[in-house]
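Trainee: Residue numbers (this note's numbering), protein chains in the order written: chain A, 1 to 350; chain B, 1 to 350; chain C, 1 to 350; chain D, 1 to 350.
Hints in this document: simulated from the structure, not taken from any laboratory. Remember, predicted model here, so these are calculated numbers, not experimental data. From the three backbone atoms N, C-alpha and C, an ideal C-beta is built for every residue, glycine too. One or more hints might be untrue.
[As the list claims (entries may be wrong)] Dumping the calculated DSS-like pairs for lysine-lysine here, alpha-carbon to alpha-carbon at most 30 Å: (1) C/Lys152 / C/Lys223; (2) C/Lys152 / C/Lys342; (3) B/Lys1 / B/Lys342; (4) B/Lys336 / B/Lys221; (5) D/Lys1 / D/Lys290; (6) C/Lys290 / A/Lys290; (7) B/Lys342 / B/Lys152; (8) D/Lys221 / C/Lys221; (9) B/Lys290 / D/Lys221; (10) D/Lys290 / C/Lys223; (11) A/Lys290 / B/Lys223; (12) D/Lys342 / C/Lys342; (13) C/Lys290 / D/Lys342.
[To be verified] Here are the simulated distance ranges between beta carbons: (14) B/Gly52 / A/Ala185: 33 to 39 Å; (15) D/Lys221 / C/Pro323: 26 to 32 Å; (16) B/Glu345 / A/Asn53: 56 to 62 Å; (17) D/Gly136 / A/Pro279: 25 to 31 Å; (18) B/Gly52 / C/Asn109: 38 to 44 Å; (19) B/Arg149 / C/Glu345: 56 to 62 Å; (20) B/Gly348 / A/Gln142: 54 to 60 Å; (21) C/Gly112 / B/Gln115: 42 to 48 Å; (22) C/Gly348 / D/Arg4: 24 to 30 Å; (23) C/Glu345 / D/Pro14: 26 to 32 Å; (24) D/Gly332 / A/Gln142: 32 to 38 Å.
[Claimed, not checked] Okay, the calculated bits of chain D under chain B, using three or more residues with CB under 8 Å as the criterion: (25) 234-246; (26) 282-289.
4 protein chains.
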Amino acid sequence: KRPRDYGIRFGVIPTGPLNAITDVPGVRVGQVTLRQGTTIRTGVTAIVPHGGNLFQEKLPAAIYIGNGFGKLTGYSQVEELGTLETPIVLTNTLSVPTAADAVIDYTLNQPGNEQVRSLNPVVGETNDGFLNDIRGRHVTRQHVLDAIRNAKPGPVEEGSVGAGTGTVCFGYKGGIGTASRRLPASLGGYTVGVLVQTNFGGVLQIAGVPVGVALGQYSYKEKLDGSCMMVVLTDAPVDARNLKRLAKRAFLGLGHTGGIASNGSGDYVIAVSTAYQIPHQSSSPFDTLKLLRNDDTSPLFMAAIEATEEAIINSLFAAGQSPADTFSGTEGHSVKPLPVQKVVEMVGRK
Amino acid sequence: KRPRDYGIRFGVIPTGPLNAITDVPGVRVGQVTLRQGTTIRTGVTAIVPHGGNLFQEKLPAAIYIGNGFGKLTGYSQVEELGTLETPIVLTNTLSVPTAADAVIDYTLNQPGNEQVRSLNPVVGETNDGFLNDIRGRHVTRQHVLDAIRNAKPGPVEEGSVGAGTGTVCFGYKGGIGTASRRLPASLGGYTVGVLVQTNFGGVLQIAGVPVGVALGQYSYKEKLDGSCMMVVLTDAPVDARNLKRLAKRAFLGLGHTGGIASNGSGDYVIAVSTAYQIPHQSSSPFDTLKLLRNDDTSPLFMAAIEATEEAIINSLFAAGQSPADTFSGTEGHSVKPLPVQKVVEMVGRK
Amino acid sequence: KRPRDYGIRFGVIPTGPLNAITDVPGVRVGQVTLRQGTTIRTGVTAIVPHGGNLFQEKLPAAIYIGNGFGKLTGYSQVEELGTLETPIVLTNTLSVPTAADAVIDYTLNQPGNEQVRSLNPVVGETNDGFLNDIRGRHVTRQHVLDAIRNAKPGPVEEGSVGAGTGTVCFGYKGGIGTASRRLPASLGGYTVGVLVQTNFGGVLQIAGVPVGVALGQYSYKEKLDGSCMMVVLTDAPVDARNLKRLAKRAFLGLGHTGGIASNGSGDYVIAVSTAYQIPHQSSSPFDTLKLLRNDDTSPLFMAAIEATEEAIINSLFAAGQSPADTFSGTEGHSVKPLPVQKVVEMVGRK
Amino acid sequence: KRPRDYGIRFGVIPTGPLNAITDVPGVRVGQVTLRQGTTIRTGVTAIVPHGGNLFQEKLPAAIYIGNGFGKLTGYSQVEELGTLETPIVLTNTLSVPTAADAVIDYTLNQPGNEQVRSLNPVVGETNDGFLNDIRGRHVTRQHVLDAIRNAKPGPVEEGSVGAGTGTVCFGYKGGIGTASRRLPASLGGYTVGVLVQTNFGGVLQIAGVPVGVALGQYSYKEKLDGSCMMVVLTDAPVDARNLKRLAKRAFLGLGHTGGIASNGSGDYVIAVSTAYQIPHQSSSPFDTLKLLRNDDTSPLFMAAIEATEEAIINSLFAAGQSPADTFSGTEGHSVKPLPVQKVVEMVGRK
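Next up, chain A with everything else stripped away, as it sits in the complex:
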């Protein structure tokens, strides 16, 4: 059960039908979960923004760095050219190179890419080393290729799956979460979808309720560090400049949950629009674009804030709901899930 199923609401904008990043038409998500023995707790989550050849038909994109203590690869080319040309892959910190290598494999081998000699894999990560034998680097290229290739539309599995298998958030079991917002037709009817990999600390708030303090587990009292990867997709026709602004609002959504972007956090937002494609090669020197005006971006900004907040909380609810779901991993470490029953009472009491 997701927070909404308990009657918890985040913000004021309606969700899309699935309340997931896949509410943005054409977006697919694939995940591979590695949960083996007592020490391997990691995985891969791939977000594939359209069904064609992404290298040949690039999408406008931007990356916002909330706090850069992280190893995301692919930043500068997205920043310079304003486009994404590969699927987005999330995994653990030390497996970024493996994942990037696999994205290269994937792209070089796509039909039509026989002449490609340069491409920019975008891979993000958080550090699951508390529960996962991260030094063992158990993610293989094949895992990454599988995640990309099994990507599908529809509901997205949340919680301790894919790149969220071994993550910890606010001291509870974190994981993958997703949510979406759909603007009314009067504001353009656009969808904003968010997927997060939650592995960070702070003072947990759920729908504004200071749950972390009530439960006695929060930054300042103890050290809760870590990172959050956020992926924002939209079908609104916005270019890289406005996507960067949109990405920045996802960071505010992280703030809503009580995230503090601590020194040790790698908080990145990758924002992509599916509204138009930029062909790799063109017979024309021009791209003709119909772009949303600056003046009309604020509702999108709100949607990104709300969906990010909800996606993060969704990840916590999905990672387990009672002590029986305690998640154990490497070195005998274990992490309890958010005590959902208590939390629902607290939030309901407000």
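Put chains B, C and D on the given structure of chain A with help from the hints.
Mentor: Frame of chain A, contents of chains B, C and D only:
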């Protein structure tokens, strides 16, 4: 009465004795309020970080741009050199040049600055044009000089004063607000003080309670646009790089109140440390600095988030508490204050 | 006589007909020169990119900061929104506020702007305090308004005029310079025009010839500090992102002349396209743009490098050519012009 | 023979004894060259800034992005924290992940790093796909480890070696180049060393002489695209902020050679100081630093410009000097070396 006097709490870190930016030792604030006739509703707020000659004894500083639809002047030199060399002045949008000119007057005329031929005034603004005849540019250099010169330690007047005289926040009367946090000795004992000029929109939350929705006045339902200037002072020994990170957390504090950094907002954070001074001229080619390590910055980050949130809400409480405080201005416009009684009940009910 | 009249060539791309920023159709330049008594050596240069109401019909724009030890105002809004909404004004360091105030005057008073309550003046500067009584702030709003209003197409006066009246470059008399490049039709036929205000140091090279060293006057041997403002206009249809890239290439052009972007320099490039306009208000939520693809920008980049280099050298040639042109100013200071005869011989000998 | 051996001079500052990046005390360089069969022309160059455990004793660092069409990994953490914690590795575009993986191997296995679970490999690249079967990804982890482990002080091999094995610059054979500058004691006595991997286009100038035009091979006439990696080391005590400024000057040095930073270029500068170390863990919350003041940085800036220019030209001279040195590679492609004899005459004639 401030929110704390009603029992409302923001975050988990204790405040400084005044819960004001002036809790940072040596920091002074001066304000000039222009409320004349039916059309003039503006003013000046000056933050003077130390009592000496700021040009000769500069302070480490950084400016974070949350959303740059604003006219703050002085950005690039602070970014390049990492220092502040004048008081910080806040005023209305169209009076930034007047204020900058006055800061030049002030600095050129300080004893010891007889040879100064270049200086970087830092002036921020929000747009009070709904209540104030902003096109009349009623702020004079003398007003600005008065604000700088009457700057004093101790409690800071909040609400519809100084640069906050004519501002509007979440559709209610905004203004100047301030707050502080003091870390325990075990975390360094540092103070973080914040002063804000609130003039922005979003979906108001107070201590997590969705007050804006409950009161039926929020962005998305209607257009609530605008800006927020945030000034963060600390006595922690952090350089420009870490001050920029600290500044970015104030933006998360704005998010906590429901601010959305809408397209039309100019959201800037100016962060300054008073822990050490960089002399304008030196007989040595070196500055010897004892700086807080990256690893120890997270509690400061939390302090900036909390103090910014509280300073913003303080500004609303101080700007009036009942319909009798409705604030009228130019063109027959008027703005109601936050209905504090109702709000206190809502927040108390949680 | 300009360097080209002596047979000196910069780069490989043909110039526009005037070899001036005004080769970009519709661009006008206006200047006011203040040379009074023995101490006033300053002025104003205004670049007006189109003949209409710039606030109502904004232009895509970007600002690149080479070295930010300067006081340019207007940066953040251009960065955030990607547009310019006022003329660009250059003046001396301490007169930036006066000039910004005048740009506000100008814009508020333009027919059609009766409701404007917020606008972003873009004003750049260099420091002419060696020759000019800069502390006296002799530039008035009227001077600035005159510069804007007398802006005209056609040849641009170079040398010790306008904002270049009191500037010093490589230890010689600097000033205003301009140049342009026009791409062949096969590369789009676009024009790139540059105007500079030269006030910086380094090791002067002219068309690659190390003139500074030969003449015995260069940074490292002595301290030659200071700043350069560069304005790049083009009629190529490029948006803010690619304009920022274009602006960055002007900085390489500065490098070609031997500029080192010393610690004390404020090196800014303002780049604007006149190819399309972004209306302030629109009945549509969309802007439909036909933009040059990334792949086709490199020739523009070259043009910006070449035109900037030539504009800088043009400023030196125009500021005087023989010792008789020695320029005297405040406090008995005087600056010799570049010894053009010698230089022409050196460059010719290569 | 290097350009200096032909009497060609770049700038005015003396070189270090080796005129190489290894003139900075403690800096070592290791290279592995892959030249196999007719298709493999690639390699690895590793720069190891000090002889200890870089992860445990980090160095202040910054990365400047000249043009970001490239796949450098490691940017954001250096930007956020201001430190480098691994050797710097250069290779080809599609081998970045392999190299990053090897840097992880190397670091995890260093004595003292048994508990390390997060680290930030810094790997840069240019695209050698014209001469090298880049899609074959022939660089292995072992090659990278070998490059790191065979790193040594002393002279650095230049030309078609290491990461420069298959690169092309200005249409001629490019490669690895290095140079240095040593400031006189009166300016601090600091050394600035540069190493470049040259693979870019433009209008070649050597010591100011327009060689590219004279030889009839230059951008604008034909398309000469590509990238340049630049690594700047210094023993001057400068922090990340001033290292970023220093890095930016290397980009001006690239400009001096006629580089245009074309659309397709990935031009990155990684700047590192060896003057002090930041321990990964410390018993103190403070780092005490003795830093060069902003005012004293300009000579370093000049040194970076000059050394980068010379390093680039050195790479061309070292990659071959006569048609007999024509370098053949994959798909029957071949690239001529710079015709050094002719060039020396041209430059000598000036």
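Trainee: Next, verify each hint and record whether it holds.
Mentor: Evaluation of the provided hints:
Our distance criterion of 30 Å between C-alpha atoms is broken by lysine 152 of chain C and lysine 223 of chain C, whose separation comes to about 38 Å. Restraint check: the Cα-Cα separation between lysine 152 of chain C and lysine 342 of chain C comes to about 34 Å, which exceeds 30 Å; the hinted pair is violated. Distance check on the hinted pair: lysine 1 of chain B and lysine 342 of chain B sit about 14 Å apart at the alpha-carbon level, within 30 Å; holds. At roughly 18 Å between alpha-carbon atoms, lysine 336 of chain B and lysine 221 of chain B fall within 30 Å of each other, so this suggested pair holds.
For a cut-off of 30 Å, the pair hint linking lysine 1 of chain D to lysine 290 of chain D is broken: about 40 Å separates their Cα positions. With a C-alpha separation of about 9 Å, the suggested pairing of lysine 290 of chain C with lysine 290 of chain A holds against the 30 Å cut-off. A threshold of 30 Å between alpha carbons decides the hint, and for lysine 342 of chain B with lysine 152 of chain B the separation of about 34 Å lies outside it, so the pair is violated. With a C-alpha separation of about 38 Å, the suggested pair lysine 221 of chain D and lysine 221 of chain C falls outside the 30 Å cut-off, and the hint is violated.
At most 30 Å may separate the alpha-carbon atoms for a hinted pair to count; lysine 290 of chain B and lysine 221 of chain D exceed this at roughly 55 Å. A hinted pair counts as satisfied when its Cα atoms are at most 30 Å apart, and lysine 290 of chain D with lysine 223 of chain C qualifies at roughly 24 Å. Restraint check: the Cα-Cα separation between lysine 290 of chain A and lysine 223 of chain B comes to about 24 Å, which is no more than 30 Å; the hinted pair holds. For the hint linking lysine 342 of chain D to lysine 342 of chain C, the alpha-carbon distance of about 28 Å falls within 30 Å, and the restraint holds.
Proposed proximity of lysine 290 of chain C and lysine 342 of chain D is contradicted: the alpha carbons are some 46 Å apart, above 30 Å. Checking the proposed 33 to 39 Å range against glycine 52 of chain B and alanine 185 of chain A shows it is violated: the Cβ atoms sit about 60 Å from each other. Taking the beta carbon of each, lysine 221 of chain D and proline 323 of chain C are about 41 Å apart, not inside 26 to 32 Å as hinted. Checked against the hint of 56 to 62 Å, the pair glutamate 345 of chain B and asparagine 53 of chain A passes, with Cβ atoms roughly 58 Å apart.
In this structure, glycine 136 of chain D and proline 279 of chain A meet the distance hint of 25 to 31 Å, their C-beta atoms being roughly 27 Å apart. Range check, glycine 52 of chain B to asparagine 109 of chain C: about 42 Å between beta-carbon atoms, so the 38 to 44 Å window is met. In this structure the supplied range 56 to 62 Å holds for arginine 149 of chain B paired with glutamate 345 of chain C, their Cβ-Cβ distance being about 59 Å. Checked against the hint of 54 to 60 Å, the C-beta distance between glycine 348 of chain B and glutamine 142 of chain A comes to roughly 57 Å, which is consistent with it.
Between glycine 112 of chain C and glutamine 115 of chain B the beta carbon distance is about 46 Å. The supplied range of 42 to 48 Å therefore holds. Look at glycine 348 of chain C against arginine 4 of chain D: about 26 Å separates their beta carbons, and that is inside 24 to 30 Å. About 28 Å separates the C-beta atoms of glutamate 345 of chain C and proline 14 of chain D, a value consistent with the hinted range of 26 to 32 Å. Between glycine 332 of chain D and glutamine 142 of chain A, the C-beta spacing of about 34 Å keeps the proposed range 32 to 38 Å intact.
Against chain B, the segment 234-246 of chain D contributes 5 residues with a C-beta closer than 8 Å to a partner C-beta. That satisfies the three-residue criterion, and the hint holds. Look at the segment 282-289 of chain D against chain B: 7 of its residues bring a Cβ nearer than 8 Å to a Cβ of that chain, three or more, so the hint holds.
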